[in-house]
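Chains as they are written, first to last, in the numbering used here: chain A, 63 to 444; chain B, 643 to 994; chain C, 58 to 330.
Please note: incorrect hints may appear among the correct ones.
Below, computed lysine to aspartate or glutamate pairings styled on EDC-like, alpha-carbon distance capped at 20 angstroms [claimed, not checked]:
1. A:106 / A:85
2. B:931 / C:221
3. C:313 / B:987
4. B:931 / C:325
5. B:856 / C:227
6. B:778 / B:756
7. B:856 / C:220
For the record, the hints were derived by calculation from the structure and aren't laboratory data.
This structure is a prediction, so every number in the text was calculated from the model and none was measured.
Given next are the chains, with one letter for each unit.
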Amino acid sequence: MDFNPCMKHKMVRKTVREFAEAELGPIANDIDRQASFPWEVIEKMRPLNFFGLQIPKDYGGAEMDSISYAITIEELSRVCAAIGLCVTVHNSVGAYPIQLFGTEAQKKRFLPPLACGERIGAFCLTESNAGSDAGGVETSAAPEGDDYILNGTKIFVTNGGVCGIALIFANIENSGPRPESRVFIVEKETPGFIVGEIEDLCGMRANPVSSLFFEDCRVSSKNVLGGSIPGLRIGLTALDTGRIGIAAQALGIAQGAFDASVRYSKERQQFGKPISSFQTIQNYLAEMATQIDAGRLLLYRACALKDEEKPFSAEAAMAKLYCSRVASEVTGLGVQIHGGYGYSKEYDVERYFRDAKVTEIYEGTSEVQRMVISRSILTQLT
Amino acid sequence: MMIKSEAPSEKTSKTMNKSKKKKSRQIWVFGDYRNYFQNRVTLQLLSKAAELAQKIGGEVCAVVFGNDIEEYIWEYTCHGAEKVYALEHDRLSDYPIETYVNLMEIFVRQYQPEILLVGATSFGREFTPRLAKRLKTGLSADCIGLDINDEELLVQTAPSFGGNLLAKIVTPKARPQMATVRPGIFQEIPHDNDRTSTVIQLKMPENLPRERVKMISSSKSPSRTQKIEEANVVVCGGRGMGSKTKFKKIFELARLLTGEVGATRPVVYSSWAGHETLVGQAGKNINPKVLFSFGISGAIQHTAAITNADFIIAVNKNPNAMMMKLADVAVVADANQICTALIKELRNRIRA
Amino acid sequence: MLKLVTCIKQVPMVSELPWDAKTGTLKRELAEGMMNPACKHALEAALLLKNRHGAHITAISMGPPMAEEVLREAVAMGADRGILLSDYPMAGADTLSTSYTLARAIEKECPDFDLILSGCYTNDSETAQVGPQLLEELNIPGATFVDQFEIKGNTIRMNRTVDEYLEILEMDLPGLITVSTHQYNPRYASLSGVEDAFNRADITRLGIDDLGIEPEMTGIKGSATRILDVYSPTTEKKNDVITGSPKQIVEELFAKYDDKIGSAIGKDLKDYE
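Looking at chain A on its own, in the form it has when it is part of the complex:
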């Protein structure tokens, strides 16, 4: 029998959509407003492999291809972007670096609890003086016997309030004028690992984004990801993969706002006709649909390249740059189509509108994406 990837991707979409609409749909607005993390839904997501999307089966994951991965994040985000964010960050920058760079012992120890969602993952790079500029990281790791002592503060950590395992980007103390960086796998029970207050953000409010403080936090050298692999290399690779997830998330938000707008435009009557019969609204819908489709093509291409193990850094950056812009524009038009109701918390588009903006900021701002893309253009031989 033919192996038909389209049928598989259709089923992945159907499966995740069914789950998202039934389990997240009814609570998405409430958890946004109350900024609460829905543990009861997370509990249901665990056995369905949402936390081991691309982790190999041997470690308890679903071992999905990257397009299936993107579809999963899209469909979660289409209903509840904050949970889409939790899942994509956990998978792409929480678990994936361990899968890719970890020693066998590290994989055996950390991947299974991540894959089953027993522990939620997080990735900590950003600091108050280091965001787009990874070189400015001030968190330090001081060697002491077989251990390292971590000190520093990470901010805007997605999943920060709920993570069980965090990957910490730090510089080795006294390693010279161009400090050597490493990524440390730190479990939340480790003494000196302190979770700060949950940030009060504009969107994605159901995700407990927080600061993490490290105060003389002692970590074994066994927890240095990949042994002596430079942190910067891990970080950059993680971000490439992370961008695919954020692009998928942005696309899902756009799709959610679009679907709501189509529905509303057919229901809402003005001048005795549904507003969808007016050309202006039709133009908006056509524009939104085209942008979403274009974004999706860019995204799936990046995914396909990744699965073929070809370079995909620039393509992932393009997908992230474009899909996040689409999310902002489409949700903006969505609010416009809804008129006054779109500005009210009664309707979902208001939430989509708030959630969309950050996709242009985190996991590399749009400006950084352009930098990545242009670097790829300019280094090509002509």
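Since the structure of chain A is already known, use the hints to place chains B and C on it.
Below, chains B and C without anything else, positioned relative to chain A:
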């Protein structure tokens, strides 16, 4: 009422010969008397059979099996059966489906009715397909219309997709032509004590196979907490109610009407009401006597689940909404305001 | 180990029906397919048995090639094997010929089955006939609209609510039940299950030659019924349109329909003042 009783075998065959001479074609109605008096589908079918019989020159016959069935023979006669095939036996007291199928197969082969109609009760919907399979004939399910066409075939109108599509179905060659029919579709003929019928007492065949499914117990189901599927009154609300707070009035109105709350997908999606209230695809199908519909536009996934509602009162600002077209009473107004006004008025009237 | 067979139908997804608003008809060829909900409940019942006692589950479906999708979904949820009966002569079948074809396939592919579970009805044609006709065709005991059941040794005990009666039934295996949608809420397929359903699933497609059946016995030729016409009922009723202020409207509603509403709730709503 006069009931002419005939003895089984010999006299029965005499009757058959007679009817063959007249070329009378029989329309059989299966006597489903469980839950009689509430379940009146057999009477409704007798009435429809009488109408069909005129078109094909047929005879309306009831077939009734059971233990202590005198009462039903009488009822069916008074409601239009010209002939009643009756089998009384103590093996038949608790409605054993398999035995009924075995018996009916034997008698249908013996008397060869042209048409066989059965009420689409739960019993009918298990019994009839099994019988049709044995007889290798066609069967349509839960019909809402029956007629005779130019070729004297029984045209059965069967719903699909929750009543959104109707199919006209015939069984061209195989006999009998069989249908299960939804209760409550046809009007019964008023009870008339002066009607008469010929009663054919059937004999319990020998060597009837043993029932393979054992009835361990059977009890009238206790009155459970009311389910929305079974509620007489359902108050459904949609996005047109305006907000979660305003939607609470739907609950208040339903409480006053001792009914249940229903909601559309967008409402459940926005958590104005819980998932258990969802009426439509992925939710419940309802069968109320009266359905109130507030601020619902009438998307197919909702309307497919309300086709069994007897009487619909819809309130919507948009007179052209699909829901308003489906309604018996279409109130053009703001759903929230009418809901409020109804609650107020009902409080007065119920107190009085 | 129990050998279970679940019959599964692919039906058009109602929420996605491409509905032609002008003619009121369904462009069925464009509709997305989905596993019939009641079939999904039957599969869930089988999966619970598998979890508890261990069982081998064969999911079987008859339909166009596209119906492969619901079999893969069944495997994703936990079924062990899928059989798709798909062949041109099988098309257009009524329940009589569907049950015939299914029976031949079950006899051939799973002759030593213990229990067949099917949904109590499908959302498209809504006949609820294939289950009961299949048990006749296979000459095995069975019951329809089963809410809950339990297997002990070689017997199955079933609870169901039919015509307002709570019945407890018992029969020997092999047998067939059609499962109601009251219990057995279907699980979600896991993503790893979906992945497996495409990478390592055992899905067989069989035609009439594989089953050794004559074309006359299956599909439209083997059917006793003929469909003359399919149409959308005229949805526009001659209805009573009421307008005015809320107070006027409510007064008019009660003036006209107090009996109707009152009898539904068993209360007298007449205004005697």
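Hint by hint, here is what the structure shows:
| no. | hint | verdict |
| --- | --- | --- |
| 1 | A:106 / A:85 | 9 angstroms, holds |
| 2 | B:931 / C:221 | 18 angstroms, holds |
| 3 | C:313 / B:987 | 14 angstroms, holds |
| 4 | B:931 / C:325 | 16 angstroms, holds |
| 5 | B:856 / C:227 | 5 angstroms, holds |
| 6 | B:778 / B:756 | 14 angstroms, holds |
| 7 | B:856 / C:220 | 18 angstroms, holds |
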